[in-house]
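Protein chains in written order, with the UniProt record's numbering: chain A, 1 to 1093; chain X, 1 to 370.
Source of the hints: derived by calculation from the structure; they are not laboratory data. All figures in this text were calculated on a predicted structure; none of them were measured in a lab. Heads up, a few of these hints could be off.
[As the list claims (entries may be wrong)] In silico SDA-like cross-links for lysine to any residue, where the CA-CA straight-line distance does not exceed 20 Å:
1. X:K144 <-> A:W1035
2. A:K327 <-> X:P121
3. X:K155 <-> A:W1035
4. A:K568 <-> A:P585
5. A:K327 <-> X:K330
6. X:K287 <-> X:Q39
7. X:K163 <-> A:M1003
8. X:K330 <-> X:Y359
9. A:K855 <-> A:Q796
One letter stands for each residue in the lines below.
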Amino acid sequence: MRHQHHRLLLLKSNCFGRDERRVDSRTIYVGHRPCPATDTFIPPKFCDNRIVSSKYTVWNFLPKNLFEQFRRIANFYFLIIFLVQVIVDTPTSPVTSGLPLFFVITVTAIKQGYEDWLRHKADNEVNKYLVTVLEDGRRARKESEKIKVGDVVEVVEDETFPCDLILLQSSREDETCFVTTASLDGESNHKTHYTVPDTEKGLESLSATVECEQPQPDLYKFVTFFSLCVVSLRSLGPENLLLKGATLKNTQKIYGVAVYSGMETKMALNYQGKSQKRSVVEKSINAFLLVYLCILVSKALVCTTLKYVWQSQPGQEEPWYNQKTQKEKDANLYLNMFTDFLSFMVLFNFIIPVSMYVTVEMQKFLGSFFISWDKDFFDPEIQEGALVNTSDLNEELGQVEYVFTDKTGTLTQNSMEFIECCIDGFQYKNRDSSTELDGFCVTDGPVSMLQQKAGREELFLRALCLCHTVQVKESTGQEDWVGDQVDGVLGLDGEMVHPAELRGFIASSPDEVALVKGAMKYGFTFLGMESKNMRVMNRDKDVETYELLHVLNFDPVRRRMSVIVRSKCGDIMLFCKGADSSIFPRVRQEEVDRISMHVERNATEGYRTLCVAYKLLSSEEYAQADAGLREARLALDDREEKLMAVYNQVETGMSLIGATAVEDRLQEEAAETMEALQRAGMKVWSTCYACRLFQRGTELLELTVRTLEDGGRRREERLHEVLLDYHKRAVSAFSFSPRSWTSAKQDYGFIIDGATLSLVFNSSPDSSHYKSLFLQICQNCTTVLCCRMAPLQKAQIVNMVKNSKGSPITLSIGDGANDVSMILEAHIGIGIKGKEGRQAVRNSDYAIPKLKHLKKLLLGHGHLYYVRIAHLVQYFFYKNLCFILPQFLYQFFCGSSQQPLYDAAYLTMYNICFTSMPILAYSLLEQHICMEVLMTKNAMLRWSPFLYWTLLGVYQGLLFFFGVRFLFSNPALQDNGQVFGNWSYGTIVFTVLVFTVTLKLAMDTRHWTWINHFVIWGSLAFYMFFSFFWGGIIWPFLRQQRLYFVFANMLRSVSAWLVIILLILLSLLPEILLLVLRKPRWPHSRQVRYTHI
Amino acid sequence: MMASNYNAKEEDGHQPAAIGHGGAGTVKNKKPDNTAFKQQRLPAWQPILTAGTVLPAFFVIGLIFIPIGIGLFVTSNNIKELEIDYTGGDMSSPCYNCSQSYSWNSTKPCTCSVPFSLDQPFESNVFMYYGLSNFYQNHRRYVKSRDDSQLNGDKASLKSPSKECEPYRTSDEKPIAPCGAIANSLFNDTLELYYIDPNGSRTAIPLVKKGIAWWTDKHVKFRNPGGNDNLTVVFQGTSKPVNWRKSVYELDPSDPDNNGFINEDFIVWMRTAALPTFRKLYRIIHKKPNMTPTLPLGQYILEVTYNYPVRSFEGRKRMILSTISWMGGKNPFLGIAYITVGSVCFFLGIVLLIIHHKYGNRNHSADIPS
């Protein structure tokens, strides 16, 4: 990720020279007032505040767009063919290939132009937006694009910030403002940002410099020094930075100084086009294309050779009736050979049709609508259906072999409920959530001990109330939150409802809310922050206040967070909560022993467990910690690392109070969905526990820190041992009994945790050996659980599987920002429109509202699209092979002179009009399911079906040509003795061809809707009509009236009719035979499918 | 690929109007329409081809094709056809001298007579074809070497023919009419047929030269510039094709409806053949009003005015006499093909029927667990 960002940075910031880029920080003068102390004031040059998301301008649109389009290999190929046709004397006019190419290019250009126009419009709206800027004490209205770095900008409520600002002054008394970053990362909660301290005095006279790092795209990282003319140095963090694109909320107005502008804002830097994921199907298409290209080249070579062999016979090169022109006589022999070769290429180039690309694109584009139209994906709760971000991967959905799923919010609903807690080894369970204070009951401790425990209990609950970053939702009266009124409201039945019950809490993670709410149930209510004081109402309804000294933020590496608070009586306490694995090593062992059992049990039941620890800090200890933290925060380089070191240092020697268990309820039908996916042969890897991932009879292989520590030896040794053992069980078991594989198959499940995984990946030099062992075990298990993973580890796992042997197709599904890396890594990324913001949705290829929709998406749409696209591609190759093969064979009969068999109109229209619509309709509407074909990987785009289609094409092409050839051994085919010429020959072949390929498709169609009927019979009717029409008129713009009445005359010949019918039937005969001989499976398969969905 | 850009706009969410919405898309109710099309639930016919449905089709095809094939075969066999090669390649043939002593600019036409005899009388209308072998009328350079608008009577094209006609476009600075290689190589042998009466006297057989070209070609596609009269005037300023002995307006001076571009021999020649061995309709011998056969059995003489050289490219020239049926000229291919395909279908039908009966039930039960 970071590499990507870095590259992006270099690409995006075109305002900067390369050298300046090396400078680590930039200095900004607030209000452009130089600091008296600094010697010289050189107004630094930064880029202006214009946002340019558009790709083109009016002037460069044509060249740039054309360049981009012709960078695609297919377009380039067709351009070359077109140019050859223009330059060299070729059998077909340039129009035949130029027209379709022109069509494709134009349509794409119009589409891209329109999209760019929309972007221009959006840019303009942003850039021309009027903002208020303080200039020399006066307020001036300016267009947003004219803001310069260093300007002091005023923003009022509900406005978005025009650039990245450092908050200087807020209208709120507590020097904060609220911001929602919905349009940046999708988190719609209100975030608090703080002003720079000591700048309350007049902004007009404020002269200060801001030293901040060069623009970088990480939204949550910001390291800056703010110096008030060297008098004082302040370090600022992301909580002082207001990002462009975020919206001011709950605050009347603020002033801020612009630090990053225009394309250097964090939003613009994050504005990245996702890397294009290419469908695996596309790769097989390219492979097939290569084969056809070889066929094409060899055909052209054969013909060129034949031509010169034929010409070498006496009297054939230039018989008296067919003299060359002077120009042709003068031309160089080798040049002639080359142009002949090119001409043959052009003649046969229809074998690789430009229209296939168009049709495939159209199919994917239109097909994706069916996904977003599907009402089964509509979720009434969020009023949204599925979202398709890329239509390229429709068919890939049906080919998924590995499913990687995130737990929180994906498998589960991410609505947390506090279930139980465990204090000093005693379990407290809230049996009935409606009972209030007294619901705090003891299940496994004697009642008499309750009193003695009270102190510990309260400490635990205070810890829950203090150790978090939850905010209490402001009640401004106009809010739509009913539960906001702190003073209590009357319930519907008039009964007094406890005010706190209805309190709205906002936090970045729902766990924290659940914990605070849990504490509230037991009598400790968090009332909110009041200028750095946390107010907590205890059981006796007294309000206790604690001064918040430091927050040691949560991060996924440490997997814990802490707060340092000072109580009224001056005690300084550190409360820490975090995952058991990260807390246990930092507390005393005997405490761990008391609690670990509970934690373990809760974890097995699928609850999220957190351990809570605390530590009393002496004033010396605190002073030391305080100094360390401040120093680390001021650091400009490696601030993260330094902070981490201090955190780790402070969070030691704590004592464990207890543990909590929060239930994260499973998504609706999560278990059923997972079961269905497994039944469909997919392997489900999850970053969680629980759920019915493990079916009965599954043998579990566990590889976690706990199993590794059993032996008490070094972890590495143990890891080696365990891996080998599991490998033997899981892998070798299969290889020894391949015969009984299906019947006596033992399902294995595999569990690994983050710590062990990192051990596997980067422990020792021979980690690659571990890795392959690990991979082999995993591949033989139906289910793999990866617990406690960092985002990067998730991506690592996906990457490992993706690059393993056979390159299986992987799918990642997740809902949160932590899943983005995984979503981007997998072949298909699916985002859930859940509660954790839109990051995942934005980076995904498909977004669905609920996990349960995955089943239909993969087993329904995915499978359908796979069948459709596979058929589409194969059919295209087939129909063009039997289109061009007669033309090739004709070269043997016309002295290899590149004489086309078909008229130019037929050559052009064949792929565009006569045969394109039926296959498009088929590829959009077919619902032909043949389960066992779909189960096997890439079964329909492998070489054997491809070979079958190719052979069919060759067979039919030969049949068409030679059938008519034998008929034409006597060209007197009419009952008046008149004869047919070469264009009649071509027309008969072409008629047979059009009917055969259309009827072949009709035979493959299993699902005849009226559209199929319309399009298939319509195409044939159109062909008839067109042929009559085309041959019925002397076209003034045509140089040669080749087809004049050819078609009508053909239809007047009984022999022509008979041969057409015969050849159509004969070419379809093998297909019919195969259909009959193949076992009739469809009815059953369809039943299977419907039970699956 | 096409839809991939559609989410790009979401990120430009700067418009103040959009503020207050949690994310994108809560603006309006996006519930998809519940239409059969959008939900992919269009009523559909789902045919399942099974042995049961296809088997009768095989029998039906067999039963239809075999009679048709037999009919075609019998018809083709009943067609009488006589082919006479008069190339004169070997010493013994009567046209040997003509073929050897050929030169383009000889003024005196070379004639030869080829005697032949009919074993059977030819009933009904008899069609007389000339056939050429190894003559690549379908060579690309040849096929395109014509100007259809000139042939359609366009006066501008008459004066400046299309570039495609090169190198037969102009001669002596004058445009050639009709231009191009096809016209230039017009078949110009004259064939005449004489019946030798048993008493030894020769009777010329009347050869009709109209009705040999496609009606549409003669009446629409080919037209003389400015009507069929005064062709000499119209074609003034043009040159005759280099290999021709006479101008285009002298092709049939006796009949203005068969002269110039609408000369039927010319039109027939201009319809290029599909294969290097081909035949073209030359004359029609109409049946006699009384019951006597058109060509009674006996001795005949084919009088050839030998103008057309084929030796240089090892070609052959033939004269073909043929009767015509509803399916056209003699061609056993269709009949044989129909009989073969019909029998194969019938046979397959029987085989499949056996397979179906023997294994059908077992297949069916084995299928269910799938």
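How the hints compare with the structure:
Using a Cα cut-off of 20 Å, the hinted pair X:K144 and A:W1035 holds, with the two alpha carbons roughly 17 Å apart. For the hint linking A:K327 to X:P121, the alpha-carbon distance of about 54 Å lies beyond 20 Å, and the restraint is violated. Using a Cα cut-off of 20 Å, the hinted pair X:K155 and A:W1035 holds, with the two alpha carbons roughly 17 Å apart. Straight-line distance between C-alpha atoms of A:K568 and A:P585 comes to about 31 Å, which puts the hinted pair past the 20 Å bound.
For the hint linking A:K327 to X:K330, the alpha-carbon distance of about 44 Å lies beyond 20 Å, and the restraint is violated. At roughly 69 Å between alpha-carbon atoms, X:K287 and X:Q39 are farther apart than 20 Å, so this suggested pair is violated. Among the hinted pairs, X:K163 with A:M1003 is inconsistent with the structure: their alpha-carbon atoms are about 48 Å apart, more than 20 Å. Of the supplied pair hints, the one linking X:K330 and X:Y359 is violated, its CA atoms being roughly 46 Å apart against a limit of 20 Å.
This hinted pair does not check out: A:K855 and A:Q796 have alpha carbons roughly 25 Å apart, beyond 20 Å.
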